[in-house]
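*Asks:* Given next are the chains, with one letter for each unit.
There are 2 protein chains.
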Amino acid sequence: MPKFKVSYAPSVRRLPSYLLLAKQALDHGDEYISGTLIAMELNLEPIQVRKDLSITGIAGKPKRGYPVVPLIGAIESYLNWDKRVDAVVVGAGNLGSALSGFPGFKQHGLYIVAGFDADPSKFGGLIHDSPVYPIDQVAERVAVLGVTVAILTVPSAYAQDVATTLVASGIKAIWNFTNIKLKVPDDVIVQNEDLSSGYAMLSMKRRIRSAMMSEDAD
Amino acid sequence: MPKFKVSYAPSVRRLPSYLLLAKQALDHGDEYISGTLIAMELNLEPIQVRKDLSITGIAGKPKRGYPVVPLIGAIESYLNWDKRVDAVVVGAGNLGSALSGFPGFKQHGLYIVAGFDADPSKFGGLIHDSPVYPIDQVAERVAVLGVTVAILTVPSAYAQDVATTLVASGIKAIWNFTNIKLKVPDDVIVQNEDLSSGYAMLSMKRRIRSAMMSEDAD
Numbered sequence: 001m002p003k004f005k006v007s008y009a010p011s012v013r014r015l016p017s018y019l020l021l022a023k024q025a026l027d028h029g030d031e032y033i034s035g036t037l038i039a040m041e042l043n044l045e046p047i048q049v050r051k052d053l054s055i056t057g058i059a060g061k062p063k064r065g066y067p068v069v070p071l072i073g074a075i076e077s078y079l080n081w082d083k084r085v086d087a088v089v090v091g092a093g094n095l096g097s098a099l100s101g102f103p104g105f106k107q108h109g110l111y112i113v114a115g116f117d118a119d120p121s122k123f124g125g126l127i128h129d130s131p132v133y134p135i136d137q138v139a140e141r142v143a144v145l146g147v148t149v150a151i152l153t154v155p156s157a158y159a160q161d162v163a164t165t166l167v168a169s170g171i172k173a174i175w176n177f178t179n180i181k182l183k184v185p186d187d188v189i190v191q192n193e194d195l196s197s198g199y200a201m202l203s204m205k206r207r208i209r210s211a212m213m214s215e216d217a218d
Numbered sequence: 001m002p003k004f005k006v007s008y009a010p011s012v013r014r015l016p017s018y019l020l021l022a023k024q025a026l027d028h029g030d031e032y033i034s035g036t037l038i039a040m041e042l043n044l045e046p047i048q049v050r051k052d053l054s055i056t057g058i059a060g061k062p063k064r065g066y067p068v069v070p071l072i073g074a075i076e077s078y079l080n081w082d083k084r085v086d087a088v089v090v091g092a093g094n095l096g097s098a099l100s101g102f103p104g105f106k107q108h109g110l111y112i113v114a115g116f117d118a119d120p121s122k123f124g125g126l127i128h129d130s131p132v133y134p135i136d137q138v139a140e141r142v143a144v145l146g147v148t149v150a151i152l153t154v155p156s157a158y159a160q161d162v163a164t165t166l167v168a169s170g171i172k173a174i175w176n177f178t179n180i181k182l183k184v185p186d187d188v189i190v191q192n193e194d195l196s197s198g199y200a201m202l203s204m205k206r207r208i209r210s211a212m213m214s215e216d217a218d
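The listed protein sequences derive, respectively, from chains A and B. Under my numbering, the first residue of the first sequence carries the number 1, and numbering increases by one thereafter. Under my numbering, the first residue of the second sequence carries the number 1, and numbering increases by one thereafter.
It is worth saying that the hints were derived from the structure and are not from the lab. One or more of the hints may lead you astray.
Copies of the same chain look alike in the list, so a pair counts if it works inside one copy or between any two.
[To be verified] Cut-off 20 angstroms, straight-line C-alpha distance, at most; resulting in silico cross-link-like pairs (EDC-like, lysine to aspartate or glutamate): (1) LYS23 with ASP136; (2) LYS5 with ASP161; (3) LYS106 with ASP129; (4) LYS63 with ASP86; (5) LYS181 with GLU41; (6) LYS5 with ASP30; (7) LYS63 with ASP186; (8) LYS63 with ASP129; (9) LYS5 with GLU41; (10) LYS23 with ASP194; (11) LYS63 with ASP30; (12) LYS183 with GLU45.
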């Protein structure tokens, strides 16, 4: 069975899009944002938007929509994004560097405070302002930093060994960008980020599109 | 309404994981792989595995499971991954480079044949064997290459303008790694890859975990 199973997972996955629209409305000086507008922007049914947002406890007002500031607060509080979370990136290659510099993360309270790599040419360097340390220092550094979240971007061949070391060092949540299904103790969270899944979706849409286009041609 | 809506989207998203396990079984010399084993490996219910795989048309045999070679063929054919697809990466920064070198993509038939960037220091360089061109050459190059798939990793501020250029150049499918909801014509596919969604899931699991741990402490 999945550990820490998230109810309403598709809704949770959409919350960041709602948050982004609410913040844009705030920047724009709007006091309210309508569910219908959100639905149009995101290509969703209005009822779906209402259902999704209801999990955060926010309610819209008839004819006005959702009050922007409370909406932002409700989503951020529901996701715990109103509190700072420190994380390390393990694997300071292109993907690790890209994630360290991803502008959205700090806005969501996620701060990457250190990187680790096996390549000596990277030691002492920085990935987006965070120092890069040798990977064999990961246990002691994680303990000293008191970090419990790790982003794993090492080559797949090393993924399980590194994950095991991370768990032994006190890491309680791994955001896994490798395609390895990690084996970890029951009390450790793994969130798999599988880029192949996104490509599978793109591939299916291309298939559907090409079937539709050839129908048009009939 | 979503264009090119994919039925069974969660199942489609899981197909790459099944494919990986089937390929590992093949490397291991196994003729069959059981649905129960797949379910255990992926932390799913066996019935879910059967349902997911049934969309590809493959059927398991009682007590033996799925024949490995036909299983691989069924998934790859269903996703059109048995045919080569060429793509360009627009934005040759860390994320674009990481994606260009992602080992899984070629296995799925996805070849990144060129990169584009606005930074002159990158022109004439390579991202994982593919040449990087100035972004203002994207229209002519895409036309010459005959590519219809683009991976978009530019900074968000440029995302819509670049997408509009791509569409005008003949791109029919955009894998969008920016957090901008792109406006494109009805016949163009957009697959959004929102890293914030994955972080929202990780955040919810951490919340659930911490609620469970404090219950334990009671």
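*Asks:* Confirm or reject each hint.
*Replies:* We went through each hint and held it up to the structure:
1. LYS23 with ASP136: neither (41 angstroms within a copy, 32 angstroms between copies)
2. LYS5 with ASP161: neither (25 angstroms within a copy, 39 angstroms between copies)
3. LYS106 with ASP129: within (13 angstroms within a copy, 33 angstroms between copies)
4. LYS63 with ASP86: Neither, since 41 angstroms and 47 angstroms both go past 20 angstroms.
5. LYS181 with GLU41: Result: close only across copies, 7 angstroms inter versus 35 angstroms intra.
6. LYS5 with ASP30: neither (36 angstroms within a copy, 32 angstroms between copies)
7. LYS63 with ASP186: neither (47 angstroms within a copy, 29 angstroms between copies)
8. LYS63 with ASP129: neither (46 angstroms within a copy, 55 angstroms between copies)
9. LYS5 with GLU41: between (29 angstroms within a copy, 16 angstroms between copies)
10. LYS23 with ASP194: Cα proximity of LYS23 and ASP194: across copies only (17 angstroms, versus 28 angstroms in one copy).
11. LYS63 with ASP30: Within one copy only: 14 angstroms inside, 61 angstroms across.
12. LYS183 with GLU45: between (38 angstroms within a copy, 17 angstroms between copies)
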